[in-house]
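**Q** The task is simple: from the sequences and hints, build the whole structure.
Line order of the protein sequences matches chains U and F. Counted the way UniProt numbering counts, the first sequence spans residues 1 to 415. Counted the way UniProt numbering counts, the second sequence spans residues 1 to 415.
In case anyone wonders, no lab produced these hints; they're calculated from the structure. Any given hint could turn out to be false.
Here are the simulated DSS-like pairs of lysine-lysine, each with C-alpha atoms no more than 25 angstroms apart in a straight line [what the hints assert, rightly or not]:
# : chain 1 : residue 1 : chain 2 : residue 2
1 : U       : 58        : F       : 58
2 : F       : 58        : U       : 50
3 : U       : 391       : F       : 165
4 : F       : 104       : U       : 212
Over 10 angstroms on every C-beta distance to chain F, these chain U residues come out as not near it, computed from the model [as the list claims (entries may be wrong)]:
# : residue
5 : 83
6 : 108
7 : 198
8 : 208
9 : 360
As the structure is a computational prediction, the values presented were derived from the model and not from experiment. For glycine and all other residues, C-beta sits at the position ideal for the given N, C-alpha and C.
Protein chains: 2
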Amino acid sequence: MKAAILSVGTELLFGEITNTNSVYLSQQLNLLGCDVLYHYSVGDNPIRLKETIQTAFKDCDLIITSGGLGPTQDDLTKEVACETLHDELVLNESTMKALEDAFKRMKKTMTENNKKQAYVPSRAIVFDNDAGSAPGFALEENGNTIICLPGPPREMTRLFERKVKPYLESKIDGKIYHRMIRTIGIGESQLETELLDLIDNQTDPTLATYAKEGECCLRIASKRETLEEAEQAVNDMLDLIKERIGEYIYSSDDEDLVEVVAKLLMENNISISCAESCTGGLFAQTLIDIPGISAVFDRGFVTYSNQAKIEELGVKEETLEQYGAVSSQTAMEMAQGVQKASGSRLCISVTGIAGPDGGSEEKPVGLSYVGVIFDDKQVCEEIQTRNVNRKWNRNTTALYMLNIVRKIILDPDYQ
Amino acid sequence: MKAAILSVGTELLFGEITNTNSVYLSQQLNLLGCDVLYHYSVGDNPIRLKETIQTAFKDCDLIITSGGLGPTQDDLTKEVACETLHDELVLNESTMKALEDAFKRMKKTMTENNKKQAYVPSRAIVFDNDAGSAPGFALEENGNTIICLPGPPREMTRLFERKVKPYLESKIDGKIYHRMIRTIGIGESQLETELLDLIDNQTDPTLATYAKEGECCLRIASKRETLEEAEQAVNDMLDLIKERIGEYIYSSDDEDLVEVVAKLLMENNISISCAESCTGGLFAQTLIDIPGISAVFDRGFVTYSNQAKIEELGVKEETLEQYGAVSSQTAMEMAQGVQKASGSRLCISVTGIAGPDGGSEEKPVGLSYVGVIFDDKQVCEEIQTRNVNRKWNRNTTALYMLNIVRKIILDPDYQ
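**A** What follows is the structure in C-alpha cells.
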C-alpha cells in the first residue's frame with residue numbers, strides 16, 4: 001500500500017503546533033509495511049483540501065487524515081472526503097446515542113452543531129471514538145481508501161491503535177523489520193563511501209544514512225512475507241556492515257551514546273568522576289540526565305579558571321605556564337587530580353578551546369585534550385572538532401568524551 | 001505572497017524525526033506577512049519531488065524547501081529545483097573554497113561527493129552557510145521563487161535569520177515590526193487572563209502567547225506602511241503590558257534568560273561560582289555556553305554524592321543526617337563552601353530531587369533548594385517544579401536558578 005498522511009488545520013500553517021500526528025502515523029504505517037510517500041498539511045479550506053486529496057490519490061491508494069472533524073463550521077474534512085469519494089453524509093444512530101449520553105454525563109446542553117458529529121458517509125466503516133466526540137471512519141472507492149481521524153493526538157492515537165490498525169492489517173501483505181545503527185567518529189560521506197556497493201545494489205534490505213549532530217545513523221529495513229524472514233535479512237546485512245565499519249558502531253538498537261555509556265557504567269558498577277574546563281559541566285550533566293546514575297557518578301569539577309585547576313585538582317603552576325591550560329599535560333594532571341579527590345575507578349578530564357575566541361594557529365578553536373584514567377590505564381586523546389560554533393564544539397567534545405569512556409571500558413587495546 | 005513549505009527527506013516519511021523546520025518556517029513566514037497555504041513532506045525521490053514543486057506553484061508563488069542538499073547520492077533537491085525552474089548547476093568557486101578550507105582545518109579528506117555541494121543553479125542568489133557545508137539559495141522564474149535550505153535545523157534557522165529574511169523582506173509590501181517578550185514565573189493561562197481585554201480587542205498590533213519549557217513568551221507584532229509606525233505601535237503596546245505584568249518580564253528582545261544573566265554578570269564584573277547536586281552541571285554548562293563568560297565564571301562543583309558534598313564543600317555530616325541532602329540547610333552550607341573555595345562575589349548552590357524516584361510525600365520529586373550568596377546577602381529559595389519528568393525538572397530548576405541570580409543582582413528588596 002502506498003500512503004499519504006494529510007493533516008488538516010490552519011493552526012499548523014501558522015506554526016502554532018508541531019505536527020506530531022504525522023510522526024506517529026508514519027511510524028505506524030511503516031511498521032505495517034505501507035510505503036508513506038507524502039505528508040501534507042492544509043488549512044480549513046475545502047477547495048485546497050479536495051485538491052490535495054485528489055493529488056494524493058494519483059500516487060497513493062491510502063490517505064489518512066487527522067483534524068477537521070469537530071463540531072464547528074470550519075471543520076470540513078468529512079464533507080470534503082465524502083464529496084471526493086462520491087458519497088453522502090447520513091445520521092449514524094449509535095454515534096448520536098453516544099454523543100447524547102456523553103452530554104448527559106457532563107450535564108451540558110447539546111447544541112445543534114454537536115449533532116453534526118453524528119453524521120458519517122453512508123458507505124463508511126465507522127470507528128467509534130471513546131476518548132472524544134468525533135468518530136473516525138474509513139471510506140473506500142475503486143481500490144482507494146481514505147481514513148479520517150480526529151486531530152487531538154490522544155484521540156487519534158487511541159483510535160488508530162484500537163480500530164485502524166486491525167482494519168489495515170487485514171488489508172496488507174508482508175511484514176517489515178528495521179534497525180537503526182548509530183555510529184560516531186565517521187562522517188556521512190565517508191560512511192556512504194565505505195558502504196557504496198551495498199547502498200547502490202540495495203533492493204531489500206534497504207540502507208539509508210542520516211547525519212546527526214556529531215554522529216551518523218544508518219537504517220537497515222526489510223519487507224518480507226514473514227517477520228522472521230525480514231529480521232533475518234536485516235541481521236545478515238548488519239553483519240556485513242559490522243565487518244566494514246564495526247569500530248564506529250556504538251549501538252545497533254537506536255540507543256543514544258549517553259544511554260549506552262551510562263548502562264556500561266551501571267551494569268559494571270564502575271564509579272566515575274570528571275573535571276571539565278571547556279565543556280563546563282556538559283559532560284557531567286549529560287550523564288546525570290540518566291535515571292539511576294547516582295549509583296556510579298560521584299562528583300564533577302568545573303575548573304574553568306586556572307586558579308580553580310590549581311586549587312581543586314592540584315594542577316601544577318609550572319605545567320600551566322610551560323604547556324598552557326589547553327595541553328595534554330594539563331589534561332592528565334586534571335584527571336589525576338580527580339582521581340585523588342574522588343577515588344573513582346574512571347576519571348576523565350577535558351580542557352580545550354570552545355571559541356569563538358582564544359584560538360591560535362597552533363591551537364585552533366575546537367581543539368581539546370581529554371585525559372582519562374581507568375584503573376591502571378592512563379590515556380590522553382586529542383580532539384579537533386569542526387569549528388561550527390561554541391555550542392557545537394562543546395556538544396561534540398562531550399560526545400567524544402562519552403565515546404572515550406565507552407572505548408576504554410570495552411576495548412582492551414585502547415590506548 | 002502565498003507560500004508552501006516543502007520538507008525533503010525519507011526519514012520524515014518513516015517518522016524518524018519530527019518536522020520542526022515547518023513550524024519555524026511557518027512562524028517566520030507569517031511574521032513576514034506571507035500566507036502559508038501548504039506543508040509538504042516528500043522522500044528523496046526526484047519524480048515525486050518535482051511533481052510536488054509543480055503542484056505547489058499552482059497556488060503559491062513561494063516555496064521554501066529544507067533538506068536534500070547534502071553530499072550523498074540521495075540528496076537531490078538542488079537538481080530537481082534546477083530542472084523544474086529550467087536552470088543548470090554550475091560550480092560556485094567561493095563555496096568550493098570554503099569547503100576545502102573546512103576540510104583542511106578538520107584534517108579530513110574531501111571525497112568526490114563533497115564537491116557536489118559546491119554546485120548551485122547558475123541564476124541562483126546563493127546564501128552561504130557558515131554553520132555547515134551545503135549553501136542555500138533562491139531561484140526565481142516568472143514571478144515564482146523557490147528557496148532551498150539545508151535540513152539540519154541549526155543550519156536552516158541560522159541561514160533563514162541571516163540571509164533569507166532580508167531577501168524576503170525586500171520583496172514584501174508594508175513593514176512588519178515585532179518584539180518577543182519573555183517572562184518567567186507566570187503561567188500561560190494567567191498571562192492570558194491578565195491581558196485578556198488587550199488580546200480580545202486586537203487588530204494591530206496583534207498579541208499571541210506561547211508556552212515554552214518553564215516560561216512563557218508573548219509576541220507583539222504590527223504591520224504598517226513604514227517601519228517607524230509599526231515600531232511605535234508595538235512599543236506603545238509593550239508599555240501597556242509592562243504596567244500589568246512587568247515583574248515577570250526578563251527580556252523585551254527575545255533574549256534567553258541565560259543571555260540576560262550572563263550580560264548582567266559580565267557588565268558588572270561579578271565573579272560567580274556554583275555547586276550543583278540534582279542539576280548535575282547543567283547550571284554551569286548553561287552559563288558557560290555564553291562566549292566571554294570566562295571573565296566572571298570561576299568554578300563549579302558537581303557534588304552528586306554526599307561524600308562529595310562533605311569533602312569538596314565542607315557540608316557537615318550532621319546537617320546531612322539531620323535535615324537530609326535535600327534541605328535548605330544543606331543548600332546554604334553548599335553555597336558557603338563554594339564561597340570559601342572560590343571567593344567569588346556570587347555563589348549559588350542547588351540540591352533537589354530530579355526523579356523519577358527518590359520523592360516522598362514530604363519532599364516530592366521536583367523539589368529543590370537553592371542557596372545564594374551575593375556579597376553580604378544570603379538567601380535560600382525553595383523551588384517546586386511541576387513534575388513532568390527528570391529532564392524537565394532539571395531544566396526548569398536551572399532556569400529558576402538563573403532567575404534567582406538575576407533577581408539578587410537587580411532587586412535590592414530580594415530576600
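**Q** Now tell me if each hint is right for this structure.
**A** Okay, the hints, checked on the actual structure:
no. : hint          : verdict
1   : U:58 x F:58   : holds, 16 angstroms
2   : F:58 x U:50   : holds, 14 angstroms
3   : U:391 x F:165 : holds, 23 angstroms
4   : F:104 x U:212 : holds, 22 angstroms
5   : 83            : holds, 19 angstroms
6   : 108           : holds, 21 angstroms
7   : 198           : holds, 13 angstroms
8   : 208           : violated, 6 angstroms
9   : 360           : holds, 13 angstroms
Of the hints listed earlier, the one the structure fails to meet is number 8.
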